[in-house]
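**Student:** Here is how the chains run, residue by residue.
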Amino acid sequence: MTYLAKPRLHHPTLKKNAVGYTRRDYEGKVSTLCAGCGHDSISAALIEAFWQLDIQPHRVAKLSGIGCSSKTPDYFLGNSHGFNTVHGRMPSVLTGANLANRDLTYIGVSGDGDSASIGLGQFAHVMRRGVNMAYILENNGVYGLTKGQFSATADKGSKAKKGSVNSDSPVDTVSLALLMGATFVARSFSGDKQQLVPLVKAAIAHPGAAFIDVISPCVAFNNHEGSTKSYDYVRAHNEAVNRLDFWPSREAITAEYREGEVIEVAAGAEGGILKLRKLAADYDPSDKISAITHIARAAQKGEVLTGLLYAAPDAEDLHAHLNTYGAAFNTLGAKELCPGSGVLERINASLR
Amino acid sequence: MSGLRLLVLGYRTWLIDKAGRCALPGAYGQAVMVDPSSKLVVVHAAAHAEPRDSASGGPQFRFLHSTLRTLAALSP
Amino acid sequence: MSVKRIEAVNDFVIKFANVNGSGSASANELFARAFLRMGIPVSPRNIFPSNIQGLPTWYEVRVSENGWLGRRGGCDLMVAMNPQTWAQDLKEIDPGGYLFYDNTKPLPKSRFREDIHVVGMPLTEISNSAYTLPRERQLFKNIIGLGALAALIGLEPEVIAELIGEQYKGKEKLLKPNLNALQLGLNYAREHLKDAIGLKAKRAYAVGEQIFMEGNAATALGCVYGGATVCAWYPITPSSSVAEAFTNYCSKLRVDKDTGKNKFAIIQAEDELASIGIVTGAGWNGARAFTATSGPGISLMSEFIGLAYFAEIPATIIDVQRGGPSTGMPTRTQQSDLLACAYASHGDTKHVLLFPEDPHECFTMAADCLDLAERLQTPVFLMTDLDIGMNHRLCKPLKWDDARRYDRGKVMTAEMLDAGREFARYKDLDGDGIPFRTYPGTHESKGAYFTRGTSKNPSAIYSEAGPDYQYNMQRLLKKHDFAKTLVPKPLLTPSREPARFGAIYYGSTSPSMNEALESLAQQGIFVNALRVRAFPFADEIQDFVHSHSKVFVIEQNRDAQMKTLLVNEAHINPASLVSILHYDGAPITARFITKEISEIAAALNVRPIKRDKAA
Numbered sequence: 020m021t022y023l024a025k026p027r028l029h030h031p032t033l034k035k036n037a038v039g040y041t042r043r044d045y046e047g048k049v050s051t052l053c054a055g056c057g058h059d060s061i062s063a064a065l066i067e068a069f070w071q072l073d074i075q076p077h078r079v080a081k082l083s084g085i086g087c088s089s090k091t092p093d094y095f096l097g098n099s100h101g102f103n104t105v106h107g108r109m110p111s112v113l114t115g116a117n118l119a120n121r122d123l124t125y126i127g128v129s130g131d132g133d134s135a136s137i138g139l140g141q142f143a144h145v146m147r148r149g150v151n152m153a154y155i156l157e158n159n160g161v162y163g164l165t166k167g168q169f170s171a172t173a174d175k176g177s178k179a180k181k182g183s184v185n186s187d188s189p190v191d192t193v194s195l196a197l198l199m200g201a202t203f204v205a206r207s208f209s210g211d212k213q214q215l216v217p218l219v220k221a222a223i224a225h226p227g228a229a230f231i232d233v234i235s236p237c238v239a240f241n242n243h244e245g246s247t248k249s250y251d252y253v254r255a256h257n258e259a260v261n262r263l264d265f266w267p268s269r270e271a272i273t274a275e276y277r278e279g280e281v282i283e284v285a286a287g288a289e290g291g292i293l294k295l296r297k298l299a300a301d302y303d304p305s306d307k308i309s310a311i312t313h314i315a316r317a318a319q320k321g322e323v324l325t326g327l328l329y330a331a332p333d334a335e336d337l338h339a340h341l342n343t344y345g346a347a348f349n350t351l352g353a354k355e356l357c358p359g360s361g362v363l364e365r366i367n368a369s370l371r
Numbered sequence: 030m031s032g033l034r035l036l037v038l039g040y041r042t043w044l045i046d047k048a049g050r051c052a053l054p055g056a057y058g059q060a061v062m063v064d065p066s067s068k069l070v071v072v073h074a075a076a077h078a079e080p081r082d083s084a085s086g087g088p089q090f091r092f093l094h095s096t097l098r099t100l101a102a103l104s105p
Numbered sequence: 021m022s023v024k025r026i027e028a029v030n031d032f033v034i035k036f037a038n039v040n041g042s043g044s045a046s047a048n049e050l051f052a053r054a055f056l057r058m059g060i061p062v063s064p065r066n067i068f069p070s071n072i073q074g075l076p077t078w079y080e081v082r083v084s085e086n087g088w089l090g091r092r093g094g095c096d097l098m099v100a101m102n103p104q105t106w107a108q109d110l111k112e113i114d115p116g117g118y119l120f121y122d123n124t125k126p127l128p129k130s131r132f133r134e135d136i137h138v139v140g141m142p143l144t145e146i147s148n149s150a151y152t153l154p155r156e157r158q159l160f161k162n163i164i165g166l167g168a169l170a171a172l173i174g175l176e177p178e179v180i181a182e183l184i185g186e187q188y189k190g191k192e193k194l195l196k197p198n199l200n201a202l203q204l205g206l207n208y209a210r211e212h213l214k215d216a217i218g219l220k221a222k223r224a225y226a227v228g229e230q231i232f233m234e235g236n237a238a239t240a241l242g243c244v245y246g247g248a249t250v251c252a253w254y255p256i257t258p259s260s261s262v263a264e265a266f267t268n269y270c271s272k273l274r275v276d277k278d279t280g281k282n283k284f285a286i287i288q289a290e291d292e293l294a295s296i297g298i299v300t301g302a303g304w305n306g307a308r309a310f311t312a313t314s315g316p317g318i319s320l321m322s323e324f325i326g327l328a329y330f331a332e333i334p335a336t337i338i339d340v341q342r343g344g345p346s347t348g349m350p351t352r353t354q355q356s357d358l359l360a361c362a363y364a365s366h367g368d369t370k371h372v373l374l375f376p377e378d379p380h381e382c383f384t385m386a387a388d389c390l391d392l393a394e395r396l397q398t399p400v401f402l403m404t405d406l407d408i409g410m411n412h413r414l415c416k417p418l419k420w421d422d423a424r425r426y427d428r429g430k431v432m433t434a435e436m437l438d439a440g441r442e443f444a445r446y447k448d449l450d451g452d453g454i455p456f457r458t459y460p461g462t463h464e465s466k467g468a469y470f471t472r473g474t475s476k477n478p479s480a481i482y483s484e485a486g487p488d489y490q491y492n493m494q495r496l497l498k499k500h501d502f503a504k505t506l507v508p509k510p511l512l513t514p515s516r517e518p519a520r521f522g523a524i525y526y527g528s529t530s531p532s533m534n535e536a537l538e539s540l541a542q543q544g545i546f547v548n549a550l551r552v553r554a555f556p557f558a559d560e561i562q563d564f565v566h567s568h569s570k571v572f573v574i575e576q577n578r579d580a581q582m583k584t585l586l587v588n589e590a591h592i593n594p595a596s597l598v599s600i601l602h603y604d605g606a607p608i609t610a611r612f613i614t615k616e617i618s619e620i621a622a623a624l625n626v627r628p629i630k631r632d633k634a635a
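Chains as they are written, first to last, in my numbering: chain A, 20 to 371; chain B, 30 to 105; chain C, 21 to 635.
If you are wondering where the hints come from, they were derived from the structure by calculation, not from laboratory data. Quick reminder that beta carbons are idealized off the backbone N, C-alpha and C, glycines included. Among the hints, a few may not be true.
[Stated by the list, open to error] Computed from the model, here is a short list of chain B residues facing chain C with C-beta under 7 Å:
| # | residue |
| --- | --- |
| 1 | R41 |
| 2 | W43 |
| 3 | L44 |
[What the hints assert, rightly or not] Computed footprint of chain A on chain C, listed as stretches where at least three residues anywhere in the stretch have a Cβ under 8 Å from a Cβ of chain A:
| # | region |
| --- | --- |
| 4 | 131-139 |
| 5 | 164-171 |
Construct the entire structure; sequences and hints are all you get.
**Tutor:** Right under this line is the structure:
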């Protein structure tokens with residue numbers, strides 16, 4: 020429990036963005052997560068992304084489920100409304116919030132337990148509906164808050180801190196999001212800010228359901244020998260850096276890639292090998308079928324692809340599907356919504 | 030065993046029909062009846078010998094209620 | 021033959037026994053509506069299985085010039101069209117009553133009863149000789165039957181023809197054969213079945229300006245008028261038609277004329293958890309949102325209901341109750357979700373419930389729920405049921421005051437924040453237990469807070485400190501108590517004569533109760549009646565109970581849930597309450613209530629009590 024407020028005094032020379040905010044204005048409370056937690060790196064990436072995008076902090080709504088990942092919205096954008104909902108159900112709450120006010124930017128933060136186990140259904144359906152949001156899944160393959168049980172994204176054969184071996188097949192959230200109709204799908208690694216920040220920016224700017232699976236090792240329960248999501252493992256399996264550049268102009272979201280490379284990290288005793296492969300420069304993220312094929316081929320080789328896997332060029336969101344009114348619903352009153360007594364009289368007459 | 034003994038208890042407002050009319054009864058048969066739609070109020074001053082008069086309560090209630098309904102119907 | 025013959029004008033019960041999916045529904049509805057057009061009140065009830073085609077269904081029509089719209093019990097005329105339920109249907113007819121059936125294939129005498137009047141008509145034969153297509157033969161058989169019944173009972177054929185005309189407006193091709201079929205039935209009955217039935221319809225003036233509407237449609241319209249913009253739902257009997265009617269009304273009443281854009285969003289969610297999640301998200305963000313469900317959905321939603329209670333988020337939940345527990349009786353009615361809703365979710369919770377009696381109140385109370393949810397920042401339940409929701413009911417016309425504005429509750433705006441108003445999300449500033457909230461995105465530096473289901477201090481900062489937690493829980497209790505002053509008051513019906521007994525009832529029991537009170541009075545049993553319309557309970561309810569030696573609590577569930585709630589929450593001595601419980605899945609009848617109360621009253625009166633004088 021940390022209640023320490025960060026000092027609010029700003030250095031006068033701190034650089035301001037186009038809407039007049041410094042990077043500090045995008046920060047939140049001091050994190051209560053374990054020191055070195057990958058999730059904190061993701062929060063830092065979100066702070067950087069929002070600052071760079073010139074989005075006013077209070078015009079963002081942060082929603083999360085339950086778990087270590089879902090605590091993080093308290094640690095960035097301290098002047099935004101946040102909502103720590105119930106376990107696995109953030110997607111539905113975010114959907115409702117988005118319907119109520121289409122003018123805010125919505126960020127959903129979830130974990131692998133939250134999205135792939137208890138919330139797998141809501142995860143799938145929010146992608147189907149195309150809710151305009153950036154959905155960040157902080158994936159560590161473990162239940163941190165309840166001290167180290169496997170989650171559904173844990174690889175087959177990986178070992179829990181208490182020694183049990185996972186025999187269930189893992190849920191691949193990226194493939195699932197693609198199949199369910201997400202129009203922006205990416206995967207990254209919390210330790211790779213170069214790749215993560217541009218991806219987050221692109222996801223926020225995407226006008227539809229955007230999903231990023233961020234592999235985020237748990238230092239307490241999953242960063243041990245035998246885990247396939249530990250820092251050492253991931254770093255050792257990473258072969259090259261390819262960079263994603265992002266221009267936040269709404270009409271043209273483009274990405275630049277270098278040649279795809281693989282890093283292999285020394286695996287733990289029983290953990291097998293996790294290879295992260297960055298997408299090649301000539302990879303075309305507008306082709307959904309090729310994205311699915313790429314992911315499947317990589318999996319066959321025992322590799323995990325990172326980078327922007329898919330971005331639909333003609334993405335639409337739920338409001339477009341439902342043909343909703345331009346003004347936010349929460350600004351409409353009786354004048355706009357109530358048909359009035361005259362209409363009711365006609366309805367009465369039709370019921371006689 | 031009064032039918033309307035309940036009407037003299039407490040500082041209560043009793044909704045007495047679907048038109049939203051209400052009764053505010055007191056001791057000794059004192060009563061106020063209100064018809065919100067026509068903004069009519071009928072007031073009955075003390076009339077009973079006892080604080081609670083079970084025999085008179087019912088007829089008094091019906092008289093006041095029908096008076097109010099009639100006046101409300103006549104009101105513009 | 022000296023069999024008694026029931027003779028009645030504008031006061032009887034007719035029951036149609038059909039096979040589900042046989043096209044009988046529209047003929048049945050025409051039959052019921054014909055009475056209304058003749059100024060005679062009716063209340064029809066569908067009794068149907070959880071199935072689309074093939075299983076038995078019944079359609080029961082109560083005809084009552086006195087306007088008694090509850091189920092009466094018994095049956096004066098059975099229109100037996102379903103061989104599968106023949107024996108059961110035959111049993112239900114009151115002695116001296118009538119059986120109308122298709123005698124195309126003769127039945128042995130042993131299949132009938134001696135104490136009723138049997139009216140046979142070769143419906144299949146007539147239909148088959150007039151039509152060739154199998155579908156036509158089936159459909160028009162229903163209309164031929166309708167024509168015969170019209171002749172037998174005295175329904176005006178012009179009225180039925182007019183109704184058929186309205187039904188097939190613009191589809192002249194279908195109109196003519198329907199009118200022909202009607203005529204075939206009329207002609208046969210006039211010729212062969214003269215005065216076969218002693219039940220007669222006679223033009224009356226008892227319908228007036230009343231409307232004929234399903235409760236679920238009225239609820240949906242109440243949500244339209246009440247300003248709901250977000251509806252999230254998952255199909256479940258008997259509530260699905262609320263969302264369907266909302267969709268239908270919105271497509272007519274809520275599309276912006278200039279832009280063609282929708283001022284509503286309806287999501288058929290993947291399950292009830294997502295439905296209430298969407299409602300919670302929308303409510304948190306300042307839109308009026310509702311979901312419609314039934315008992316099993318309430319069970320699934322409970323976790324979110326607890327969140328909305330504790331984090332103080334408006335949500336309107338329409339519970340169209342059906343028979344429980346578990347899947348229970350999906351197509352039968354009950355009032356058995358009271359406790360599940362009043363205390364929904366784990367931990368200490370209490371929720372606001374409203375109990376409409378008919379479609380008219382479904383409309384007004386649905387709109388009230390939306391106001392209350394925002395005023396109180398909490399889930400509010402509209403406790404309707406299958407009997408009200410899925411049957412057409414005659415009721416007062418719907419009314420709306422154009423001066424009415426939505427009560428958005430305590431919402432702090434950017435202007436208020438800039439003016440220096442104190443904002444602490446969970447602090448009671450006004451003494452009513454209700455704190456101020458802000459919508460997300462209101463102000464760049466003030467008024468933002470973190471919403472959570474964990475405990476917090478008055479400034480919405482995470483806190484597990486005992487005093488913070490208790491402050492919050494006490495404030496929630498105070499808020500719930502304050503809700504008493506906002507919810508609809510109970511409605512008192514004083515008896516004509518001094519009454520020793522009181523009766524408390526609620527919801528769909530109302531029409532049967534009204535009738536029972538009248539028949540009890542005729543027997544010399546006088547009962548003051550109080551219709552409870554909301555929980556938390558108004559103080560008048562406690563007074564009412566204290567003013568009577570015994571109070572009957574009439575409910576449609578096994579466990580006397582309202583009584584439990586009264587004892588728990590209004591601190592009423594359970595010894596002063598006598599439960600009258602009806603829970604077989606069929607709507608409670610006036611006959612049942614009358615019988616129960618008169619028996620108990622007789623038993624109670626036997627006791628020589630003169631305690632007042634003895635003391």
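**Student:** With reference to the structure, classify each hint as holding or not holding.
**Tutor:** Hints, one by one, checked against the model:
1. R41: holds (5 Å)
2. W43: This interface hint holds because 5 Å falls under the 7 Å limit.
3. L44: holds (4 Å)
4. 131-139: violated (count 0)
5. 164-171: violated (count 0)
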